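Taken in order, these protein sequences are the chains called A and B. Just so you know, the first sequence maps onto residues 4 to 403 in the working numbering. Just so you know, the second sequence maps onto residues 4 to 403 in the working numbering.
Worth flagging that the hints you see were computed from the coordinates, not collected in a lab. Only a predicted model underlies this, so the values are computations on that prediction, with no experimental measurement involved. Be aware that one or more of the hints could be misleading.
Copies of the same chain look alike in the list, so a pair counts if it fits in one copy or across any two.
PhoX-like cross-link-like pairs, simulated, lysine-lysine; straight-line CA separation at most 25 Å [claimed, not checked]:
| no. | residue 1 | residue 2 |
| --- | --- | --- |
| 1 | Lys85 | Lys357 |
| 2 | Lys324 | Lys162 |
| 3 | Lys324 | Lys85 |
| 4 | Lys388 | Lys18 |
| 5 | Lys357 | Lys162 |
| 6 | Lys233 | Lys357 |
| 7 | Lys85 | Lys393 |
Number of protein chains: 2
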Amino acid sequence: MLSALYPEFRFLVRKTEAATRARRGCIITPHGVIETPAFIFCGTKASVKGLSPALLKEAETQCCLANTYHLMLQPGADTIQKVGGLHAFMGWNGPLLTDSGGFQVFSLGYGSVADEIKGRRQRSSSVQQISEKGVVFKSYLDGSLREITPETSIQIQRKIGADLVVAFDECTPYHCSRAYTEQALERSHRWETRSLDAFKAYNDGKQALYGVVQGGVYVDLREKSARYVKESPFFGHAIGGTLGAIKEEMYRVIEMTMNHLISAHPVHLLGIGGIRDIFVGVSLGIDTFDCVHPTRIARHGGALVPISLRDHPAREHISLKRASYAEDSSPIDPTCSCATCQQFSRAYLHHLLKAREVLAITALTLHNVFFMNRLMEDIRAALEKNCFTKLCHKWQVSDL
Amino acid sequence: MLSALYPEFRFLVRKTEAATRARRGCIITPHGVIETPAFIFCGTKASVKGLSPALLKEAETQCCLANTYHLMLQPGADTIQKVGGLHAFMGWNGPLLTDSGGFQVFSLGYGSVADEIKGRRQRSSSVQQISEKGVVFKSYLDGSLREITPETSIQIQRKIGADLVVAFDECTPYHCSRAYTEQALERSHRWETRSLDAFKAYNDGKQALYGVVQGGVYVDLREKSARYVKESPFFGHAIGGTLGAIKEEMYRVIEMTMNHLISAHPVHLLGIGGIRDIFVGVSLGIDTFDCVHPTRIARHGGALVPISLRDHPAREHISLKRASYAEDSSPIDPTCSCATCQQFSRAYLHHLLKAREVLAITALTLHNVFFMNRLMEDIRAALEKNCFTKLCHKWQVSDL
C-alpha cells in the first residue's frame, strides 16, 4: 500500500547496531539516494548561505531543505513552479526536502525561531488566529495577513516540488500547558490526516510525505502521537516541536518517542544538529537530521573542529573572530581536506571576518558543511564496521 | 639598466595595430604571465568580493589588486608579511598588484572614492596635513591619525609583497585649480623619485615599480608628468588622478597623455573599466585596466551583457533586481559559459537579490569577472587577427 503511494521512494535498512538502535540505511528518491544517517542542510530561501550547488556537491552534500514559509511569501510557489520547480530553480539536482511551513508560522515574526521553540520566549505574535481550518498569520516580510491550512501547505509543497515533504501540524512551544499541548496535538493529527488526503488527491509519485510526532515534553502525548503517525500511511516519520530546554530533557524526550516510533520507516529529527546531539540521535535510531547550526555559526565566524582542536571540551567549534588567530598561518584543521582548509589560513579567515568580507561566509560555511558530511560519513562507516561505540568514545560522547 | 632593477619582469609587445595604437603584449612576473590588454580585478581588502581564488581562476582571471590603504590599516602589513605575504595570505598564486595607498588617503574618509576623483565632491576631510614629507590622514576604521610617506608606502608594499607596486603620489581631485594641480604635481614627482629610491634600497628583484602620471585635466601638466615618468627608471607607467567629469573629457585627457607616454613600457589606466572605456583605452595604447565597476555593480544586481541583451544601447549591464526578471527562466546570457549562466536563471538571481542572499553576490561577481575576462580575450584575439576595429564596431564603439 505504501509503495503504491510512493512508487519512486524506498527506505532500506542495511544494518542495525547490536548495542544501540543505530542503523545504517538509505533513502531512495527520484533525485538520488541519501545514505543514512545523513545531515540535511538548511537552504531556507532556496540557497544554503553563500554556497553554489557545485560547492555543496564538492562538500559531499546529499540533501538540502528549503522552508515553505519563506518560499510561499517570496518568490511564491507559483513562481517556482513556473520556472520548473525547486530543483531547477536552485540548480540543485539532488534530493530536496521542504517543511510544512508550520514551524515558522508559529515561531517567526518577532525573534528567532530557536528562541521560541527552545523555551526561551513566549509564542510569537505573528500568529493571528488558530482554528480547526488552519492558521492566519502575519507575513514576516510586510506584515500582511496570510492563511495556511493543511491543504494549502501540501499544495504549496507540491508546486515547489521537493522530493520529501512534510504534513502540516501545530508546533507548540515549551511554555504550553499540558492541556493546551494535548488539545493542539489532537488538532495536529486531524491536520496531518487532511495533509495526507490533500497529498493523495494530487499525488504524482514524485514526492514522499512525512508525518510529524508532536506532544512537547509530555511522554504520554509523544507516545500517543508516535502511535498516530505510525498507523498512518506516511513515508517517513519526523520528530518535531519542543524537546525541552536542556540537552538531558531533549535526549529523554527523543528516547521516549523512539521507544514507540521505531519501525521500517525513516525517522527525521527536526532542527537538531550539534555533534553530541547527532551521536545521541543516531544511537536512538534517528536516520536524518537538519539544523541551521553548522551554517549559522559559520556566518558568525564559528568553525567546527575535531575534539583535539577545541578551545573547551564541550564547545564544538572555534571562533575565528578571536584575536589569537590574527597571525595563525595554519588552516582551521590541518586534517581537513575541504577547499577552505586547503586554501586559507586562520589568519586570513580572521581578517575576512573582521573586514566583513562575503568570502568569510562562503569559506566557513563550506568548511562546516564538509565537516558535517565527513562526520556523518564516519558514523556510517563505523556502523558498517560495527565500531559505532568506539567512534562515540573518540568524540567523547557518553550519553548513550 | 631597467632589467637590473627588475630581473624577473619583462614586458613584451608582440604586435601593434596599424590603424590605432592598440597593442597585444604580455607582462612577465614571478607569479606568471599577464596577457595584455588585460583587466585587473579589485580585491580591496585582499578578497575579490565573494570569490575564492579557485573561482577567480575558473573565471579566467589573470591578475588581482589589493589596496595598500586598506591593508595597512587592517590586518596591517606586518601581519601579512608574517603569514607569508599577500599571495599566501589570499591563497592566490597568480600576479598581484598593490597601489600606493595615495588614492584612498586622498579620497576616502567621508564618501565614496569615485565621487571624489570623478568631480562630484570636494576633497575629503580625512586628509589632515600634506607636507613635503608626506600625508597625515585619519583612518577610515577608527579615526586615528596615521602618516604615509613615499618611503613608508614602498616599505608597506614590500611587506605585502605584490608583484606590481606603485609609487606614492598625490591624487588631486577634479575641483583643484591649475595652480594647485601644478604644485601638487611637482611634489608628486619628488615623492615618486623618493619612492624609487626607497624601492631600490630594499629591492629583491621580486617586485616591479610603476610610476604615475598626474596633472588633472590640464594637458600641458599631463605632458610634463608623462615626460617625468618616462625619464625615470619605472618598470611600468600608470595614468592616475582625475581625468574629467564626462567621458569625452576623459578620453581626450587619456589621448593627450598617451601622445607623450607611449614607449616600450606597459601602461596601466587606474580605476577605469567600462566596456566602451576599455575599447577607447586599448585603441590609445593602454595595456592594463583596473576598476571596481564589474564587481561593484554585481553586488547591486548588475550583470554585464553583450549589446544584443542590453535594455538600452548605452547601458552596459542589466539590473536583475527588476521585477520583469522574476519569472525569467533563461540565464543572464545564453551564450555565456560562466558557472553562473550554466547553473542559474535570471528568476533565481532575482529571487536571491530580493532575499538578500549572499549567493547573489558570488554568482553575479563571478559572471561579471568572467565577462570582463572574455571581453579582454576577444580584444586580444582581435588584435592578433588584425580585426580590432571590427570588434569595436560589433560593440558599437565609435569614439576611436
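The hints, checked one at a time:
Proximity of Lys85 and Lys357 under a CA criterion of 25 Å is satisfied inter-copy only: 18 Å between copies versus 41 Å inside one chain copy. When the C-alpha separation of Lys324 and Lys162 is checked against a cutoff of 25 Å, the pair qualifies only between copies, where the shortest distance is 24 Å, while the shortest distance within a copy is 41 Å. For the identical chains of this complex, Lys324 and Lys85 are inter-copy neighbours only, at 19 Å across copies versus 43 Å inside a copy, given an alpha-carbon limit of 25 Å. With identical chains, the CA atoms of Lys388 and Lys18 are at most 25 Å apart within one copy only, with a shortest distance of 10 Å there and 65 Å across copies.
For the identical chains of this complex, Lys357 and Lys162 are inter-copy neighbours only, at 21 Å across copies versus 41 Å inside a copy, given an alpha-carbon limit of 25 Å. Within a single copy, Lys233 and Lys357 get their C-alpha atoms no closer than 50 Å, and across copies no closer than 41 Å, so neither meets the 25 Å cut-off. Taking CA atoms no more than 25 Å apart as the test, Lys85 paired with Lys393 passes in neither setting, with 50 Å inside one copy and 41 Å between copies.
In the structure shown, a violation is registered for the earlier hints numbered 6, 7, in ascending order.
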